[in-house]
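Student: In order, the protein sequences belong to chains A and B.
All letters in the first sequence, in the order written, are residues 1 to 246 by UniProt numbering.
All letters in the second sequence, in the order written, are residues 1 to 327 by UniProt numbering.
Some hints could be false.
[Said to hold, decoys possible] Partial list, computed: chain B residues near chain A (C-beta under 7 Å):
1) L57
2) S74
3) K77
4) Q80
5) V85
6) E89
7) N91
8) L108
9) S110
10) A114
11) A295
[Claimed, not checked] Computed spacing ranges between beta-carbons, pair by pair:
12) G95/A x G125/B: 33 to 41 Å
13) W244/A x G26/B: 20 to 28 Å
14) I196/A x G121/B: 50 to 58 Å
15) G159/B x S27/A: 41 to 49 Å
16) D71/B x L114/A: 44 to 52 Å
17) G26/B x R2/A: 38 to 46 Å
18) R297/B x W244/A: 20 to 28 Å
19) P136/A x E95/B: 44 to 52 Å
20) T15/B x A81/A: 44 to 52 Å
21) D71/B x R238/A: 20 to 28 Å
[Stated by the list, open to error] Below, in silico cross-link-like pairs of lysine-lysine (BS3-like), each with a Cα-Cα straight-line distance of 25 Å or less:
22) K17/A x K142/B
23) K77/B x K112/B
24) K298/B x K82/A
25) K142/B x K80/A
26) K17/A x K22/B
27) K22/A x K82/A
28) K82/A x K77/B
29) K17/A x K82/A
30) K22/B x K82/A
31) K17/A x K112/B
32) K112/B x K80/A
Just so you know, these hints were derived from the structure itself, not from any lab.
We put the beta carbon where it would ideally sit given N, CA and C, even for glycine.
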Amino acid sequence: MRNSLIAAWSIVLKDMKAYYLKPPNISWGLLFPLVWTGMFFVKTGREAGDIAGVLPGMVALSVLFGTTSMLAVTVTFERKAKAFERLLLFPVPLGVLVLAKTSGAIVFGMVNTLVPFAIALYLADLSMVSWGVVVPAVMLVAVVSTFLGLFVAVSVSEVFEAQTFSNFFRFPMIFLCGLFFPVQDLPSYLQPVSMILPLTYGVDLLHGAINGSAMFSPAFDVVMLLFFITLLFSLSLRSVHRRWIY
Amino acid sequence: MFDAGNECIQVEVLTKSFGRVKAVDGVSFSVSHGEVFGFLGPNGAGKTTTINMLTGLARPDSGRIVIDGVDCSSRPKAAQHLMGVVPDESNLYPELTGFENLCFCGALYSMKSAPRKARAGELLGLFGLSEAADRRFAEYSKGMKRRLVIAAALMHSPGILFLDEPTAGIDVESARGIRGMLEELQRNGTTIFLTTHHIEEAERLCDRVAFIVEGRLRRLDSLENLLRPVRGHEVMVLDLGMSATPGQDELERRFPGYRFSYSSPSLLTVTSPRPIPVAPLAGYLSSLGIEVFEARRKQLSLDDVFVRVTGIGAHLMKSGKPGRGHA
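Start from the sequences and build out the full structure, keeping to the hints where you can.
Tutor: Next up, the structure:
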């Protein structure tokens with residue numbers, strides 16, 4: 001256990017230095033949420049209710065794009081460069097290795113949400129927000145988005161394939177998961193699709209904590225998120241085991 | 001010197017296919033503690049697939065691998081603790097310095113902070129990389145990268161070292177340095193499994209050698225036994241330019257005890273267990289109107305043994321035969 005922790009921590013530190021703390025990634029991680037958040041908040045106006053209405057969507061969007069984009073680099077690119085193969089040569093359990101590789105992306109995704117929260121705090125009174133729920137909700141959204149990105153990253157061979165394949169999930173989820181349009185307002189034939197997308201439950205949890213307009217109970221959202229987290233991680237691990245240890 | 005019979009690596013009837021191609025086909029061998037074992041074959045022969053199965057990067061379709069008493073099928077990670085691996089590519093992390101790369105590898109072998117820093121410094125010194133310790137791996141030359149990759153494999157002082165083409169693609173000086181380091185490791189009792197298509201390298205370093213072609217072992221023996229049939233034989237290569245060449249039968253009738261062959265249309269190779277004087281040969285050829293432009297004496301080597309056993313020209317080993325996917 002202790003050995004696994006040393007190994008995992010070393011991988012996280014290595015990825016931080018090699019990827020996450022690189023100036024292009026820092027600026028991208030700040031600029032992307034800044035532009036989107038600024039655009040939506042300008043359009044929404046300065047009313048606290050309006051801002052609280054779009055904030056869950058902005059937070060989810062920042063996490064989703066931040067995590068999935070990074071996984072394409074830290075996993076797919078490293079595999080292409082045979083650097084991931086080198087990791088498989090070490091006596092570190094595969095699950096620990098994959099968790100370590102994804103931890104950086106989870107933290108990166110969570111840090112990205114500081115931008116929309118900072119802007120929203122500056123523009124509006126967010127005293128009604130349940131921060132005790134928001135923080136774990138952001139973490140769960142970051143984990144589920146990261147594992148979605150991982151699932152994509154381990155299913156393809158090229159970085160551009162990972163980015164393209166990610167978009168098949170990312171863009172529909174913007175419209176189908178209640179980020180900016182309530183799921184209940186979607187056409188009835190699209191609502192079942194929303195229910196099988198993990199972000200729906202993360203965004204719902206955020207809506208409940210930020211503006212009180214959740215569809216489901218927080219417990220149900222958490223259970224569904226944990227289900228998707230387990231499913232995506234298991235599928236990704238199976239894919240690595242079958243395709244990379246050939 | 002290695003301890004014959006005290007097996008460190010045991011491989012039994014190992015098989016691996018990619019689609020319809022059998023990359024490794026029923027390969028069995030064992031390597032003793034402290035032995036340097038050479039695995040020779042052209043590109044695509046199954047060397048890398050075999051080493052990948054031994055190091056846990058690939059799963060055999062069938063067969064058994066035991067590393068120092070640990071069954072790789074049931075406890076692959078335990079087996080990985082016992083070995084250091086030098087892959088065929090220098091795939092350390094370009095953003096990290098040489099020192100950081102070694103410390104990173106040490107951490108993944110469960111080494112604590114102080115011992116891994118001390119070991120990294122020691123290895124950087126041993127491999128002549130102390131001055132480059134704080135430079136990013138991306139800035140290293142090919143030879144330096146290769147040395148650092150070997151150093152990384154030695155961080156946890158493993159008893160077994162797997163090297164896949166350790167000197168491929170690097171300059172002569174670096175290759176010589178790496179061979180020297182491997183000799184030093186051998187003296188210290190490290191078991192070395194070496195795949196290479198540089199036959200001279202295997203001849204210099206290995207105790208035993210296996211020839212693999214198209215996934216099958218063609219011959220496995222000690223270097224001494226492999227070289228015995230060709231030791232003491234003298235070889236003379238005569239360059240006849242573009243002139244007409246006499247037939248081999250005619251030459252062998254005229255010079256009994258000599259064997260004649262053409263390695264190219266103008267290069268006549270003469271082999272004999274006795275010394276070969278040049279003058280009678282040159283005189284006879286001259287009487288046929290054939291001029292000898294150059295005569296070179298040559299010692300038969302593992303190259304020639306490989307050609308005899310496998311039927312593959314040594315030039316194909318050096319230039320590389322077309323590969324077969326993963327193999």
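Student: Interface hint check: E89/B, Cβ to nearest Cβ on chain A, cutoff 7 Å. Holds or violated?
Tutor: holds, 5 Å
Student: Does the Cβ-Cβ separation between G26/B and R2/A fall within 38 to 46 Å?
Tutor: The hint (38 to 46 Å, Cβ to Cβ) holds, given that G26/B and R2/A are roughly 42 Å apart.
Student: Does the structure keep K77/B and K112/B at a Cα separation of 25 Å or less?
Tutor: Holds, because 19 Å separates the two Cα atoms, which is no more than 25 Å.
Student: Is the interface hint satisfied for L108/B? The criterion is a beta-carbon contact with chain A at less than 7 Å.
Tutor: For L108/B, the interface hint holds, since the closest Cβ of chain A sits about 4 Å away, which is under 7 Å.
Student: Just to be careful, I want the Cα atoms of K22/A and K82/A compared with a cutoff of 25 Å; is the pair within it?
Tutor: Holds, at about 21 Å.
Student: Starting from K22/B, check that the Cα of K82/A is at most 25 Å away, please.
Tutor: holds, 24 Å
Student: Does the Cβ distance between D71/B and L114/A fall inside 44 to 52 Å?
Tutor: At 50 Å between Cβs, range holds.
Student: Should the hint that V85/B touches chain A count as held when the rule is a Cβ pair under 7 Å?
Tutor: holds, 5 Å
Student: Is the hinted pair K142/B and K80/A satisfied, with a Cα-Cα distance of at most 25 Å?
Tutor: Given that 25 Å is the threshold and the Cα spacing comes to 19 Å, the pair holds.
Student: Do the alpha carbons of K17/A and K82/A lie within 25 Å of each other, as the hint requires?
Tutor: Given pair K17/A, K82/A holds - Cα atoms ~19 Å apart, limit 25 Å.
Student: Next item in the hint list is N91/B. Is there a CB on chain A closer than 7 Å to its CB?
Tutor: holds, 4 Å
Student: So, as I understand it, the hint says S74/B touches chain A; can you test that by seeing if any CB pair is closer than 7 Å?
Tutor: Cβ of S74/B sits 14 Å from chain A, so the hint is violated.
When the structure is compared with the earlier hints, violations turn up for hints 2, 10, 11, 18, 19, 20, 24, 26 and 32 and for no others.
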